[in-house]
Every structure is written in structure tokens, then in C-alpha cells.
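Number of protein chains: 2
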Amino acid sequence: MYCTQPIRRAASITPNKVATVFGERERTFQDMRNRVACRAAALRDVGVEEGGRVAILALNSDNYLECFFAVPWAGGVVVPLNIRWSVAENVYSLEDSGSTVLLVDDAFLGTAEEIREKTDQIKTCIYIGDGQTPSGMLGFEEMIAASSPMDDAMRGYEDLFGIFYTGGTTGFPKGVMISHRNLYTSSLAAMASLDMTQGGTRYLHAAPMFHLADGMASMANTIAGNTHVFIAAFEPGAVTAAIERHAVTDVLLVPTMISMIVHSRALNGRDCSSLSKIFYGASPMPEGVLRKALEALPDVDFYQAYGQTELAPLATVLRPEYHVFDGPQAGKLRSAGQPCYIVDLKVVDAEGTALPPGEVGEVVVRGPNAMMGYWNRPEQTAAALKDGWVYTGDAGYLDEDGFLFVVDRVKDMIISGGENVFSAEVESAVSRHPKVNEVAVVGIPSVEWGESVHAIVRVKDGEHVTEKEIIDFCRELIAGYKCPRSVEFREEPFPMTGAGKLRKMDLRKRYWEGKDKQVN
Amino acid sequence: MYCTQPIRRAASITPNKVATVFGERERTFQDMRNRVACRAAALRDVGVEEGGRVAILALNSDNYLECFFAVPWAGGVVVPLNIRWSVAENVYSLEDSGSTVLLVDDAFLGTAEEIREKTDQIKTCIYIGDGQTPSGMLGFEEMIAASSPMDDAMRGYEDLFGIFYTGGTTGFPKGVMISHRNLYTSSLAAMASLDMTQGGTRYLHAAPMFHLADGMASMANTIAGNTHVFIAAFEPGAVTAAIERHAVTDVLLVPTMISMIVHSRALNGRDCSSLSKIFYGASPMPEGVLRKALEALPDVDFYQAYGQTELAPLATVLRPEYHVFDGPQAGKLRSAGQPCYIVDLKVVDAEGTALPPGEVGEVVVRGPNAMMGYWNRPEQTAAALKDGWVYTGDAGYLDEDGFLFVVDRVKDMIISGGENVFSAEVESAVSRHPKVNEVAVVGIPSVEWGESVHAIVRVKDGEHVTEKEIIDFCRELIAGYKCPRSVEFREEPFPMTGAGKLRKMDLRKRYWEGKDKQVN
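The listed protein sequences derive, respectively, from chains A and B. Start counting the first sequence at 1; every next residue gets the next number (the working numbering). Start counting the second sequence at 1; every next residue gets the next number (the working numbering).
Only chain A is shown next, with the shape it has when bound in the complex (with noise of 0.2 Å):
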């Protein structure tokens, strides 16, 4: 459980198959080996030791693959920052993890020097791109020409593979410590329980990589050694595109990135033909879209897969023969499937207490894909990580086969396009505005996005201030899709419980009457 070893096996036993496909760009297997080891003796040659955090802040490409195996070769942690988030909170994560060496794409040129007039945590910045290296960077194609193969430190089982930041319930992000064992075993039951295995896949990188649904689906398919198409970032017809020209047989996307494929005409004239699975997850999938998506694309297999960073991060499969409207499966699709291989899930009561089918409770997983927990935050690892086991934040029930289905989240938060945004973090900002009083968080329907952020504002005496303004100030402090989509300004006091606890419920019902909030 050396999460390098698949680029070595695959390197090995298909040293001439395609690894990796960008554009016109092909890369093997035996490239791709000698490209990481490089990159790995790079590493070293600007002082990453052992254990050493590397940032990376870029859209998807080979390259992006390279260095997410380069950074563990060379013996050090790596961390993919979120490319949606605010430069303060990459200036947070960056400073919280102790990352010394930034890799950078060109579409994050601006970023990194806007990070580096802010803090001093970054000593050496790699651009990752392929045009020219700007000044203030090494640039990694010299740096690659330049170095010999390095033999492989060997960090793996209950080693740090990466650090992944995701919001915080307290408003700040947390970084989720994620071990080799924690990844390869997640790897490997998604390739038992996706049917990803070795063959003919052909894998597209759409959704970002920084994500960890896509990083297990990064080293499963290096494990399978099948080969990776990219595309740098997410648009409809890039997508069908990507998949005629390189006849991509799987992807793994977001509901909303379905959704937006089915309702644009990406699909209008393209060879989809080879395509025969989609991976989703990461929040609900409307039925709307989901009848869309099957009807559109009748011969491929959809496989919903829910979790959560701090899973590595699988915790549940919905197979392809349970997405179906009529017979006696039916109503297995608004689950959230079943347990992975893996895993031991069950749903609790307020005190740990195993609840009955039927009953609602929260989520609880243990497994070895369970985090090792969160950096430098031993307080919030005890309330998250008790006894092995992954407190999710959820409140669901399992039926009687054994079926998960999510009804809420036990954390305030809200999915927005498949992204998490806790309503803390979001509150936090709001609340900084020197005009605002106080200011309460929640998620509204959007067709869109499944939903949308909306803040509720009430304003200090005597003051005034305009939705744009709110939003606007938002904007510099954290990242867009964290901003609220609309603001609702109010006078009377927030709905609060017996124990003086703000009822969001109330808040929400309104929005959310006679509309059908599928969460999962």
C-alpha cells in the first residue's frame, strides 16, 4: 500500500500503453514513470524532505497527474488546493498546512503571485504549464530535463499521502489527513464495487481533480492501468468532445454537470458510443435529470457513489440496476445505495446507539478508509472521529435491505453544484459587514445548482445596505460558489429553539413547500 506502486506495475507490465492523453499530448506508462521519478528528484533538489507538504493549484492535465504521484515519490505530502476557493483561504490552507513549494498552472499564474503578496509561506513556486516559465518560477519541464530518476522513498500504509482542505462547520476549512492506506483502500474497493478494472477503460478527467472523487478515481485507474484523458475544466461540449475523440469509456461528474449536459445541445451530433459508465455523486441527483440522463444516454451504466472527504472518500454504491423507475427496485433510487466493500455503516442515536431500519439517525462509517483526521485540529478529529468511526454529519435511515437513505445534514450545510459549502463559513463572512447585525445561512431549491446559497441579513439599527453590496463583500473573503446567490433582508427576530438555538428548519420551509429536497 504504496500508493506510488501502480505507476511502477503499470509501468511494468505496459510500458508502451497509453497513459495519458491532453489534447494531442500522449504520454506511456514508462514516460510516465520516468517523468515522476524525475519530478520526485526535483522535489528533493529544492528541499522537500520527508514528509514536506507541495501545494498544487491547477486545472486538470497529465501534468497535474504526474506531480499527485511525484510529490509521495519524492517522500512528501501533497495538497490540492480547492481552484474555486478566495486567495484567502488558499492563503489559509497553504499556511495551516505548512506548505513550503507551490505548483501552478497558467491559469493560476495571478493567483500564486496574489498568495505570495500575502504570505511568506511559500519558498519556491513550480509552474506545471507548458508555455514559457515566467519569471519567479522554475519551471518544471528544465527541472524534469535536469534530473536523473530518484528511486522511490516508499511512504505508504499509515503514512501522510495528502492533506485535503474542506470547509469547516466553524468556519474555517479543515484538512482532512488522508493516509496511503486510506486512499489505495478506497481505490480498491471502488475498483471491486465500480467495476473499474484493467481492460479497455479509458478514463476522462472532467470533474477537478482536486476533488478527492476524482483523486480515488485517479489512482484506481492507475492501479488498473488504464489510461487518462483530461480535460482542463468542465464545460458541456468539451465533454462530449473529449469523450468522440478519445473514445473515453468512463467519467466520473457531479449531478449538476449531468444536468447541464442533458439540458445543452452537447450531446447534439457527437459519437458517444463508447461510453459505458458515469460515476456520480457528491450531492443529490434530481430524478428530473436522472430520466433525462437515461433516456439520453440509454446504453450506460450509472453508478452513484456518496461520501465524503474524510472517507477517502467512499463510503456507499448505488448500482447501475437499481436506477430504475418501475418494478420492485424502484424506490432503491432515491437511496444512496449500500455500504462499499469495506466499510462498517450504520445509523446512531444522539448517544452512539445503533438504530433500527427504519429510524433516523446519524451516518456513521468505519473502515480503513476512514481519515486519519484532521491537521493540527485535535479537538474537532475527537468530535468527527470516535472509536474508528467517521461521524458524516448526516441524518439518514437504512431500510431493510440495507439501503441508505440521506434525509439531512446533521451539519449545517448546503451542496451547491455538487460543492459543499457549510453555512458557517458563509455566515462568518456576512457577519464581518459592519452594517450587518446578524445573519442566518440556508439552502434554497435551484434548478440549477440543486441549490443555492441564500443568506438571511438582519441589519444594525438605523443602517442600510443592498443585496449587491453583501455579495460583493463575500467575494473577498471566500470563494464564489460559497457567496450568497440571493439575500433577503428582515426585521423580526430569528425563529430560535428552547435551548436559544437558531431554527433553520423555519427558514427554509418556506422555499423548500410542496418542492421535493432530495438529499443524499
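I should point out that these hints are in silico values taken from the structure, not numbers from a laboratory. Quick reminder that beta carbons are idealized off the backbone N, C-alpha and C, glycines included. One should not assume that every hint holds.
[Claimed, not checked] Each pair of labels, with its calculated beta carbon distance range: (1) A/E321 / B/E400: 35 to 45 Å; (2) A/E321 / B/A241: 26 to 36 Å; (3) B/T119 / A/S148: 55 to 65 Å; (4) A/S148 / B/A350: 48 to 58 Å.
Given the coordinates of chain A, work out where chain B should sit on it, guided by the hints.
Chain B in isolation, oriented as in the chain A frame:
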């Protein structure tokens, strides 16, 4: 990575699915979980403590499978005894492992008695058969009925799962220590490599369950939640009858068993159309047998697995697409296949340096399936396990595509009917005969068994002894399959190397000339 977790998962998601079929008896996964948890409670009641060794000496059955999981559920360590070993060998294994509890079925009641006459090691003997409990033993069915299910003791990860005895190069059996992680990861890799995933699989236990090959299949099919079918012991007609009667889809066999099936009338008049996969391994498959098997079962996919107990036991896999006699892949059939997903595999010279493709050296394997070591044998452990690499004792080479061709065994071992026979053990037995001066044991060609055990004896001056006397003498000391099938008497000295080592190559030569010694 608790080897007991799959029992919980299967009972949770498919409580009413048939878990085991043995003759007329079917048990669901819910039954199985409850019985395993009750068996575990009963084992605790008779004094099995955390890490305590519990031996099993039994033919295949649903009860065997339950015990295989009940022992770790109770916190214990399972010691599956070789059903073909002599009383002396099993007494050795019981004393060496320190097993205090012995589980035994009807077939071994007499053996158990003999064992207890020869050693005081066993404090409790539990009958796991279906008849009347013999006097002097406890009855497991009564104990289950009197017990309440206990919570899993939660052994897992690096904890010792079992001790699996294997013949020893020094003349004594060695206990291979397999952790929960070893068996779990090997099984996950098998699921992905051998397509042993969930669905309609009905796996037939026809090979003996004490062998780790079938042990891995026990584990993988339980992880997958598949139905297990059992026959007590291999017999060609029993295999095909079980396939027909229980709609078996998958079976693991050794080549000798496949040979016996295709050369007997077992297939005549039997409907084996449900069968879709045959896994085979443990010894070379003669090409003639494979041709005949592929002809007789044209719709079956054949998967070869190569490995050893020390690898829990998987190292390489030859997939169905390479089971062809013509075309560009034709030559691959003579290989042992490619490294399975989870391992690094290389061929090294005497200094441990990796050799390029085509060069013969020792096969070494590293991965999460590499054993913890040999029980109580630090020196032999140090010799076989270096820096995480298991030294297999097999000589071979890799081709340009990473296919492993095993050409000889570095360890002096004979494979007869799928069983490993270490020459040293046989030589040790023969040499104890008072009239024997010197002995060398080699494998010679056998149509039925692949190789058969042949002893070359130099009698003491002035003495006379017959072939039958030698063989009968050995039967008291070692398992029947290890005893020489033929004995040759020789007057001239044995051929020696310059370093004074016996040149076995020279002794074998005349038997193998013109024959194809295909070893894998």
C-alpha cells in the same frame, strides 16, 4: 480491515440471501452472522482469549466457514490444519502454534484421538460435525444454542489473523503468520483481478479449505456477499454434481483436479452451463490438460493465479484473454501471468539487484499481502522476508510485457497434485531408517500428479532394504502425499558440486530428458 466485517456487511445488506449451501442445508447471511457471533461467545466461554490459537481439522463444510470467521470474531487466531498431514506433523503444528482448542469434524474423530494421545497441548476439543457429539468432546451445536451472540472482538489490521503451516525447507513445517491486513488486501486484489465481485456468483469450495488459496476465496466471496457452496472433499463426480445441482458459477481447482475431471466421465450427462469461471493455480498446468479443459468447457473463463502462502497467497494472475494457443498472445499461456494489482514484483540476482527482462533470477514480491513472518522462527523469517520483500524461492524471468515465467524452484521443492513437498522433509524421514546411509529426493514426471516424489537411496554397507519398507517407514512420519512413490537404490556416490553440495539437477536429468518440465 477486519476480516469479520464482511459478515456484518452481508448480513446487513442481504440478510435473507443464502450465504451457505451444504447438501440440503441452506443458511442465510443473517443466520451466518448470528451463528458466528454465538460460536465466538462459546469459544470465549471455553477460555479462548485475545490472540489465543484455535486449530481446525475438518473437511469442507458450512461449519468450517463459520469457524474460520468465528475464531477472529472471538478475538482468536485460526490455525487450519492440513487434512493430509500425518498425526506427527499435526501434533508438531499444534505444539508449535500453541493451540489449546481443536475443532474437529466426523472425518477426523480418530485422528483427534491419536493427537490427544500424543500431546497434552489440546485442552478442549469441539465437535463441529452434524451427528451425535462424541464423548470427551464438546458439541458446537449445543454450545451455539446455549450462547448469546457476542460483539465482535474487533481484531483487524496488523493483528494476527491465522497461522498457516507449510512444509519446511529445513525439514520441519513452518507457521506462516497472516495478518488481517494480509488476507483482506489479498482478497480485495483478487476480487478486482479475478472479477470476483458481487452479483449472482455461487462459489464452490471443492479445493480444501485449510489451504490459503481457498481461504482467500472464502474471504473474497464473503466480502462480495456471494453464496458459498461446499463439497466435503474433491471428487470429480461430486464437483460436477454440485455444479449442476446448485447452479455453481465459480470454482477454484488445482490442475490435477481439472485433469481428473476432464479425463473422467464426471462431465458426461451433467449440465454445467452455469459455470463461468475456473481459478487454478498451486502447480503447473500441463498444456494438454488445459487444451482439453478449454474444449470441454468452452464457455468458461480460466484464470491462473500464482503465489504462495507467504503472500496470502496472491502474486500474479493470468487472465482469460491469455488462455489462447494462437495469435500474438499465444506464448503468454506458459507464463504465470502478470503481477496482481497490489504488489511490486521483481526478479533479482543473488545480491538482490533487479534483473532486466529475460534474465533468470529469484522472484521476489512486496505488498500489503506479504506475511508478517514465520511463527517463532526469526531466522527463517529474516531469510524469507527482507525489507518487506518476500523471497519466493522460485526462479524465473519477466518478459518485456511483465509476464512472469517461472523456470525452477530455488527452494528444493516438488509440487505433486498441487501440494508442495519439500525434499528436505522427505529426506529427513527416509534418512531415519536404520539401514539408510544417504538419500536424495527429487520430483520426477507424473501424468497424474505433475510430479511425483522419488527417493534415491544409498544403503549402508552390508544391509538390504526394499522399496516397500522405505515407503511404509515414511508413512508413520509424514503425510501420504509426501512419501516417496518410488525408490531407486544406488551404489555410486551422489554427484556433488565443487562446493560439496548435492547436484540434484544431475539426478533429475535422466527422468526429464525429452519431457517438458513446465513449472509455474
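To see whether the hints hold, each was checked on the structure:
no. : hint                        : result
1   : A/E321 / B/E400: 35 to 45 Å : 41 Å, holds
2   : A/E321 / B/A241: 26 to 36 Å : 31 Å, holds
3   : B/T119 / A/S148: 55 to 65 Å : 59 Å, holds
4   : A/S148 / B/A350: 48 to 58 Å : 27 Å, violated
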